[in-house]
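Asker: Given the coordinates of chain D, work out where chain A should sit on it, guided by the hints.
The lines below spell out each chain.
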Amino acid sequence: MPQGIRFKDIRHIIHAAILIVVVMVGFLVARALTVPKSFGQYGHYRGDSIHENQDLSVILENPETCRECHESELKRKPDEPAIWPGLDAWRKGKHGSLTCANCHGNLKEHVERRRKDPTSETFVVTKDNRPQLCLLCHHAIVARPKVLPIFDPLREEHASYLEVLKEEQEEVIGCNTCHPSYRPHDPKLSE
Amino acid sequence: MRVNRRDFLRYACLIVPAGVVPLSRRLIGATAESSAKQKYSLEGHKYAFIVDSTRCIGCGECVRSCNMENKVPEGFVRTWVERYTTTKSGKVIVDSTYDVWRQRKKAERFNFEELKSVPAADISKAFFLPKLCNHCANPPCVPVCPVGATYQSPEGVVLTDPNYCFGCGYCIQACPYGVRFKNPITHTADKCTWCYHRIVKGLLPACVEICPTGARQFGDAAIAGSPIAQVLESAKLHVLRKDFGTNPKVYYIELNPEVR
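Going line by line, the protein sequences match chains D and A. Residue 313 is where the first sequence starts when you use the working numbering, and the numbers rise one by one after that. Residue 5 is where the second sequence starts when you use the working numbering, and the numbers rise one by one after that.
With the rest of the complex left out, here is chain D (with noise of 0.2 Å):
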């Protein structure tokens, strides 16, 4: 030490010295503690949490999952006509911009369950077949494009379904009677 500086003069100076270097380590302490791990790792949050983010389930599918069982037609009898016609030929016809799941809703436990199971006879898929489903895209409503086929109601063939639109009635023929689901072009009027 100095001459003429003793220990005692510069006491208040240590002790705020050590005060403030044990506030920092108290600080660097608890930061550490409480800061996440991956903080700060690809910029300002939890690194963790991209990869949280990346791994959620995938719900929707796209139709070419179902590709890989039903890509040829399905024929469930030999002298009637197919209904579903395969994807590809789904694809070429009106209805082919849709997707699967507008009709057959959530299809991720149809997928799972018939990659295990394929021959089960107890396991049914939606097959919403509610002339409110059709009506939901092609009902009459202000706005739509004039591109889009709209449902005229005042058709002799669509009578039947007035009640429909005026939410009155539930139960009525479905419009596949004469709009087959896979070729809504081709209506096959009914007798």
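The set of hints was computed from the structure by calculation and includes no laboratory data. Warning: the hint list may mix true and false statements.
[As the list claims (entries may be wrong)] Here are the simulated DMTMM-like cross-link-like pairs (lysine to aspartate or glutamate), alpha carbons at most 20 Å apart as the crow flies: (1) LYS420(D) x GLU433(D); (2) LYS43(A) x GLU364(D); (3) LYS458(D) x GLU258(A); (4) LYS205(A) x GLU424(D).
Answerer: Showing chain A alone in chain D's frame:
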């Protein structure tokens, strides 16, 4: 106790590293551990979303599929469709799939109903307009987060971290497009992620996948010659509220001045 300078330095040398060493171990350890498992590269993507409102038929299937895909709690939506109806006298009436759902208390489908308040003969113009998170290049919601629980991923997708968010709601207030909401189950901020979990696997966002008319399109403009890159180059595109300076990455083909 008498402490001389030598002793002080000696103690300091012992105490300070005792705090710093575990800290640096945590930081170094974290980076080395989690960077190894990735196949999908976070670099080199330029995602863009294009909305062609002239093709939208207002079926609301996008809303339904989004809710199914992202398990959005009942009564909330991450994307919706608005309908702008202009009457002959110049009045603009706006309704949305969300209003319809609210009125009917039916979560199954999100379609529009006939506009009852205006007779058809009075309408001069009407169109649908899908809306979703704009994934702004300059997002107002990110800097307001006090803990870094909402952020822009390296690809520019604005994401939330439900495990870190504590639900203060600043980001919900900050969003000028109103796309954020507080998830009533997790009590954290929730929003459209462009289905980040799907796009990293090479799939399309659920709303794009299900759209029956191609009104919603999505792609990586960094891939030269991809359809989205071509649209971005050729068509004249618009963004919502350009004057806010948020630089949205959701582009609209045709945006009428009525749109808010």
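Asker: With reference to the structure, classify each hint as holding or not holding.
Answerer: Going down the list of hints, with the structure as the test:
For the given pair, LYS420(D) sits about 18 Å from GLU433(D) by alpha-carbon distance, which is consistent with the 20 Å threshold. For the given pair, LYS43(A) sits about 15 Å from GLU364(D) by alpha-carbon distance, which is consistent with the 20 Å threshold. Taking the CA atoms of LYS458(D) and GLU258(A), the gap is near 16 Å; set against the 20 Å cutoff, the hint holds. With a CA separation close to 18 Å, the supplied pair LYS205(A) and GLU424(D) stays within the 20 Å bound.
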